[in-house]
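Residue numbers (UniProt numbering), protein chains in the order written: chain A, 1 to 155; chain B, 1 to 259; chain C, 1 to 105.
Because the hints were derived from the structure by calculation, they are not lab data. Just so you know, these numbers come straight off a predicted model, no measurement behind them. There could be a bad hint or two in this list.
[To be verified] Distance condition first, Cα-Cα at most 25 Å in a straight line; then the derived DSS-like pairs of lysine-lysine:
| # | chain 1 | residue 1 | chain 2 | residue 2 |
| --- | --- | --- | --- | --- |
| 1 | B | Lys64 | B | Lys86 |
| 2 | B | Lys65 | B | Lys86 |
| 3 | A | Lys85 | C | Lys83 |
| 4 | C | Lys79 | A | Lys85 |
| 5 | C | Lys12 | C | Lys83 |
| 6 | C | Lys79 | C | Lys10 |
| 7 | A | Lys93 | C | Lys38 |
| 8 | A | Lys85 | A | Lys124 |
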Amino acid sequence: MPTTRRQFLNLAGGVTVAGTVPIVTLRPLQATPAMLNAAIRNLVGEAQLRNGRIRLDIPPLVENGNTVPMTVSVANPMTADDYVKSIHVFNEKNPQPNIGNFYLGPSSGRAQVSTRIRLADTQKVVAIARLSDDTFWQVAADVVVTLAACTEEMN
Amino acid sequence: MIVWRAIAAAIFLVTGPALLAAEIPPDARRSGYAFMGPDTRAMQDDDTANPGMLFVLDGEQLWKKKTGSADRACADCHGDARTSMKGVAARYPAFDKALGRPVTLDQRINLCRAIHQQATPLPYETRDLLALSAFVAHQSRGNPITAGDDPQLKPFVDQGRDLFMQREGQLNLACTNCHDDNFDKRLAGAPITQGQPTGYPLYRLEWQTLGSLERRLRSCMSGVRAQAYDYGSPELVALELYLMSRARGLPMETPAVRP
Amino acid sequence: MAALINVPSKAKRGEIIEIRTLTSHIMETGFRHTADGKLVPRDIITSFICRYNGAEVFRADLFPAIAANPYLSFFTVAKESGKFEFEWIGDNGYSSTASASITVE
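Can you make the complete structure from the sequences, with help from the hints?
Encoded structure:
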């Protein structure tokens with residue numbers, strides 16, 4: 001679209017005046033990739049993290065980061081001597097790296113958990129499964145969080 | 001800041017080709033549901049996954065609970081809401097003869113509390129008022145909207161329409177500039193909808209709670225940097241009435257889920 | 001405040017069933033500020049437990065990154081008729097429970 005002088009002035013005016021409005025922007029200190037790595041290390045210790053077996057279903061582009069549906073499933077039997085012990089979900093840029101820990105057992109029948117999470121920004125989400133033999137399996141997904149246009153000032 | 005930048009960018013969009021305020025023909029009206037992604041739709045479609053249903057359940061309890069100095073429950077007069085309240089919310093705001101003006105469903109609940117239960121009004125956007133209103137409106141789910149049909153409402157529908165068409169705020173935008181002229185386009189990352197209020201009170205992911213149409217209108221107003229009208233003000237009621245009449249025929253969805 | 005529990009009322013022995021729970025809670029993160037700059041204290045559900053006839057079959061630790069009105073879906077094997085009990089525990093002594101029964105044939 002060609003930019004006319006009036007459109008440009010409108011735009012500039014909007015931005016300048018906006019700068020004077022006291023908005024509480026809630027973008028507190030963020031977790032960092034280092035914090036994410038530390039949280040993961042805290043779980044797996046020195047064990048090797050392998051790729052595969054675990055699947056993370058999360059929309060690549062979300063309409064609002066306040067409520068993002070997510071499903072983690074692990075392709076593994078759930079028998080008395082071979083099962084998924086737990087599933088752990090982490091993020092890269094929220095104030096804290098942890099999202100949730102989910103503890104399963106042979107009686108779960110299927111290693112699959114769904115919940116809804118908060119993502120403060122476009123970032124990476126990591127899910128890790130711990131199996132009964134204490135091996136760890138990971139998967140990561142990138143999620144783009146779009147910005148709502150007319151949000152309330154306080155949120 | 002991000003919000004203002006997005007809206008400032010939107011000025012490009014609205015000062016562009018579409019300056020004519022054309023109303024949407026009836027067969028082209030679409031609920032906000034049509035504009036959202038599959039995940040948000042799934043959340044609304046399944047009652048056991050729709051967080052708005054938590055409020056409907058709370059409202060059902062409140063419906064049966066005796067309150068006020070009359071020690072009377074909604075159910076004591078209205079009986080089973082599944083039959084007595086079916087289709088009711090679809091015609092609100094409705095004309096109140098005693099007051100000589102339209103009242104919203106929230107206002108009707110508080111009038112009932114004052115007159116029949118002798119109870120204090122529930123403040124706007126409180127959990128109890130939203131829950132009751134959601135429970136009542138849920139009984140109309142699937143019913144076509146008929147609000148505004150009453151001829152006594154005509155001047156108030158017209159007032160609401162004028163407000164909808166009127167530019168306001170520091171960004172000098174009218175509701176119509178986005179919601180009649182530019183729906184299906186995007187404002188920042190978000191799709192611009194037609195602004196059809198089919199599912200209120202609704203669960204907005206942004207709010208992480210249920211909220212009224214008035215709350216939504218007020219956040220649109222602060223979005224264009226206008227002074228928002230007070231809850232329950234004649235202007236907000238008129239706008240709500242116009243919007244509901246504009247959505248005529250669309251089915252009620254309460255409790256809807258929106259991003 | 002309400003909780004929504006979805007457990008099949010009937011199942012075949014050995015069938016893997018899905019359990020869904022949705023409960024009312026604001027899940028205040030502890031990272032937000034009011035307009036006058038005060039920190040809003042954290043108020044979240046920190047753990048969830050599901051027991052099947054008294055035995056734990058699923059447990060979760062929740063963090064502030066779980067959305068308001070927490071939703072959880074998980075699976076279990078239908079072994080015998082009886083009761084599922086759900087418990088949510090959180091900050092400020094928060095505790096709520098719900099239950100659902102199942103008939104296993």
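Hints and how they fare:
The hinted pair formed by Lys64 of chain B and Lys86 of chain B meets the criterion: a straight-line CA distance of about 17 Å does not exceed 25 Å. Note on Lys65 of chain B and Lys86 of chain B: the hinted pairing holds, with a Cα-Cα distance of about 20 Å set against a maximum of 25 Å. The hinted pair formed by Lys85 of chain A and Lys83 of chain C meets the criterion: a straight-line CA distance of about 23 Å does not exceed 25 Å. Of the pairs offered as hints, the one joining Lys79 of chain C and Lys85 of chain A holds, with about 20 Å between alpha carbons and a cut-off of 25 Å not exceeded.
Among the hinted pairs, Lys12 of chain C with Lys83 of chain C is consistent with the structure: their alpha-carbon atoms are about 15 Å apart, no more than 25 Å. About 11 Å separates the Cα atoms of Lys79 of chain C and Lys10 of chain C, which keeps this hinted pair within 25 Å; it holds. Pair hint Lys93 of chain A plus Lys38 of chain C holds up; C-alpha atoms about 23 Å apart against a cutoff of 25 Å. Only pairs whose Cα atoms come within 25 Å are accepted, and Lys85 of chain A paired with Lys124 of chain A is accepted, the gap being roughly 24 Å.
Going down the numbered hints, you'll see the structure goes against none, and every one checks out.
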